[in-house]
Amino acid sequence: MLKLEPRPQPSRWMSVASPVLALVLTAILAAGLFAALGKDPVQGLSMYFVVPLSSLRQISEVLLKATPLIIIALGLAVCYRSDVWNIGAEGQYLLGVLGGGGVALWLTTQGLVLPKIVVVPLVVIGGTLGGMAWAAIVALLRDRFNASEILVSLMLVYVAQQLVNYMVFGPWKDPKGFGFPQTRNFDVSTWLPNLIPGTRLHIGLLFALALVALTWVFMFRIYRGYQLQVGGLAPLAARYAGFSSSASLWTALMISGGLAGLAGALDAVGTLQQINPHLSAGLGFTAIIVCFVGRLNPLGIVFAGLLLSMMIIGGELGQSRLGLPNALTGVFQGLLLVLLLACDTLINYRIRVRSALAAAR
Amino acid sequence: MLRLELVGISKQYPAVRANDNVDLRVEPGEIHAVLGENGAGKSTMMKMIYGAVRPDAGEIRWNGEPVDIKSPLQARNLGISMVYQHFSLFDTLSAAENVWLGLDKRLKLPEITRRISRVSKEYGLDVEPLRPVHSLSVGERQRVEIVRALLTEPKLLILDEPTSVLTPQAVQKLFVTLRQLAADGCSILYISHKLDEIRALCHRCTVLRGGKVTGTVDPREQDNASLSRLMIGAEPPQLQHKPVHAGALAFAVQGLSVPQRDQFGTALSDIAVEVRAGEIVGVAGVSGNGQQELMAVLSGEDLRAPANSIRLFGKDVARHSPRRRRKEGLHFVPEERLGRGAVPAMSLAGNTLLTRTEGVSAAGWIDTAKVQRLAARLIERFNVKAGGTGAAARSLSGGNLQKFIVGREIDANPKVLIVSQPTWGVDVGAAALIRGELLKLRDAGCALLVVSEELDELFEIADRLVVIAQGRMSPSIATADASVERIGEWMSGLWPKGGEPPPAVPAARVAGVHHAQA
Amino acid sequence: MNEVALLIAATLASGTPLALAGLGLLINEKAGILNLGAEGMMLVAAIAGFATAFTTGSDTLAFIAGAAAGGLLAACFGALVIWLNTNQYATGLAVSLFGYGFSAFVGVGYVGQKLSERVPFEVPGLAQLPFIGPALFRQHPMVYVTIALIGASMWFLYRSRGGLVLRAVGESPESAHALGYKVRWIRLLAVVAGGALCGLAGAFLSVAYAPLWVEGLTAGRGWIALALTTFATWRPLRVLFGAYLFGGVTMAQFALQGAGVNISSQLLAMLPYLSTVVVLALISRNPAWIRINMPASLGKPFHPGA
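Chains as they are written, first to last, in my numbering: chain F, 5 to 365; chain G, 347 to 864; chain C, 799 to 1104.
The set of hints was computed from the structure by calculation and includes no laboratory data.
Cut-off 30 Å, straight-line C-alpha distance, at most; resulting in silico cross-link-like pairs (DSBU-like, lysine-lysine):
id, chain 1, residue 1, chain 2, residue 2
1, F, K7, G, K416
2, G, K501, C, K980
3, F, K7, C, K1098
4, G, K393, F, K7
5, C, K980, G, K393
6, F, K43, C, K912
7, F, K7, C, K980
8, G, K454, G, K467
9, G, K393, C, K1098
10, C, K1098, G, K416
11, G, K731, G, K558
12, F, K180, F, K120
13, G, K761, G, K673
14, G, K519, G, K843
15, C, K1098, C, K980
16, G, K716, G, K761
Quick list of the computed label-pair ranges, beta carbon to beta carbon:
id, chain 1, residue 1, chain 2, residue 2, range
17, G, R460, C, F1052, 53 to 59 Å
18, G, Q526, C, K980, 34 to 40 Å
19, F, V28, C, Y956, 45 to 51 Å
20, G, K673, F, I200, 50 to 56 Å
21, G, V522, C, K980, 38 to 44 Å
Using N, Cα and C, we set each Cβ at its ideal position, and we do this for glycine too.
Chain F extracted, bound-state conformation:
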């Protein structure tokens, strides 16, 4: 008979091992799924884990996709550690696209050609403010009305999607676009500088790496970050210490919304160079998985971001090269998270095998 026994101290080793274990289990199940679909499991797995790292071009694509995932997940980590469940990063990302992309679009339509050193900060600020504004709605409703941030942030995702649709079907539609719902292409002067010539990789990656360091410092070296985490771990202790739960709520949501918006802005001018309704493909939700697999830790998030980016690329490769449906990526991502949560139990509990004799005592 198996029994779960609480550990006196959370197991640090298991904390690192759990995501690895979950990944291994996911891979095993994936192999099984490939076989069930009549494809070679080894080939299938290599699409996800080997091919994306096989050339400079592939690696640059992985890094490109990982950039927004990492940035969004960093913000979510701050939020979740504060026990604020912001599920609407997708919506905040979209508002960042609108904010940052809007700045680029305005510059383009006005014919203003400014040096990148001016444009990039403008775009970044626009996107960050957009994301923060969207998250501010959530914070306000939770702070003033005690409304669940989970549901409000989620509803706002759908609203944000409709907002993007509205803008590209309406006021921002490209007049020369043959009626397609999309904006004009942004002027080259607004594009993010390229990082590796011959690839699509832009300086957004540098933003991501800088933010990893900043987030780590905030969480572990800044008193405000400490306060947020105490509020998430033991709200009564936070009250005893005199930390304001309202201030923590706003800080968490502003950081998380701002970072999601920043990611959106970087994508708008770095990768997409226009706004259309098909842009996101659930990045904000994938980022949630990145956050958990990365253990809500900035360094872990880097690895998790790369991993999930590989899975996305792998899905595309699997479709084009092996005829596997792209929707498999979503299955694997969801599976990974579920298995991770199950394996995480082992951090705080250990498995004891109880003999029947002992149980009767």
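Since the structure of chain F is provided, determine the placement of chains G and C on it from the hints.
Relative to chain F, chains G and C alone:
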């Protein structure tokens, strides 16, 4: 033949021997009191009788037969029923539904409602079966609990501190009910530390102290003093008190009235107390009389105190947050360690940052080396047994964590220190160290306010005593002039209103005297 | 006049999946479990139902398949949060994400497919009545089943011992455990039953309401259903009315468009979601009121023997 007998019962927990070779004998139809202070082992003994816990050694006999009670269900089937101190009722359900859930038979609700009415009338326990429990007063809830127990037709009814939340009139009504039950043949185990009630109601009394039985007596032949001696030990020697060098007025509470937060809380009513530098004022009282609410207001966790009701060296701090109060020299040790005084999953080093911000710069930067040094210093100075500064708070034993938390606040050199239940659930060694440190702090000129449910602790370390009862506070009395008996009276709210406290009253009292309401 | 009748009919149909999912979530929450996986459960049920209806041509089998799919996913969710005590929020979210991906994957071959023509259902006799006939009595049978289920749940929760035990478990699992009830199995049962109801909702969407399959068919109804249970203060009849209310708001966007109101369709499409936000804000304002009605143990883990 005895209804219930415990022979040589023992129970060991990791840090403490809760019951040590305990004997108990209950006759049929007897009202038997179990007397002891908090931590004496009463609740452990009860848990073994009603099946929540198994004894390590000894035998339980029911109607002469040895039994092994494995679960509350089995205890109920034997005929043992328990009325909990902190009721286990479901708030959103009606009284009848609550009772229905507690019975194992497949009876219909209307039948239950009929039986409730019948039992109510028979024993004078007014219960409206169809009202939801959350709308009932505390006394009414207790009656629902009792009716639920009675409907199982018990042969032994266990009542755990039943009168701690009742008015004097309700107490008398309860006694009538219990006497009738006993006359009908049901045995009653009455757990309490209210001496007057035990002497008024019970036929026999077993006294527990430190897990051992210190005596089995007929309470009707005892007086409060002799029962106190069995319960607490010898009267504390008066000579122990060091001379008090009370200095300036450090901390003053005046006219502190705060309404209760919800239906379970206690309202605070015109609380007033003063603490001078270099003295310890002890706050005595039975739990549930407003101590928690008072602590929350004094620490700043509850900011509803009226302006000027709390003054620190003359400055109004009633609306100041806990952080601001600490900056001004007021520190606080809460009664709950894990979850309030410390974050369970966080390291000891991390936990110092809750109240000690010396390692934090003005801009908010945390100097981790400094924090580690502070944690290490606390561990050493206060003899905390832990796996290093990185050990999670929850990995420490209760005593060691308490030493750490108390140490953290003492080490801050506060001008005023408020401590709530300093040695609750703490082993003897750690308790002695903590009390010693509090005295040292006092001698160094700090003003201390110590709230404790353990009277002997307050007698040992406090210079002056006040009592909190039903959200009100008594006048203060020098510990040297106080006696256990008088403080016990005051715990029921019987202190003189206005003017000096009268000299110690004679020991003999008429049994069953009513407690006058304040 | 005919338009009003049609609007009422459309509202009933639109509100039905919300009512079913809301009821399922209500049962979960009465037992103390917060289920953020409803959206995922609805999606797997939708594809299961659609695939079954497509292959067998039987609506009844489709609904059974949907309920089974929802219940199965719910059982996995329940095992994780009840026995392994995983965080209820994170696990529910994970289940939703998984359900989204899995349904998209399984449904790849069904996008763009059509189900065989069905004879529209009518309540005999009543359907011919003027105005209320077309308004109320020409609905898919599931609409009426839903109303019956709401009624049955009201009886179960408030008139039966089983419902009483369920409410007690949600109120205080520790006290229920002390009284000898098998708290964890009761919670699992509630979770699976709730999942099956969410399954019926999903199947209704793909088989009767749309009827078609696309990725993400439910469009957030699972989340709206969660808001619905709070809005309805955990009472079944209010869930039904709330569902129709939200259904009505959803229909309103089409009605407004049809009436030539000059607001862009995307802004109108925001209506159901914005109204959910507004309702949440208004409902949550009074914490004392919520406390009285909300199952006290909602979202908190339960450790027997702690």
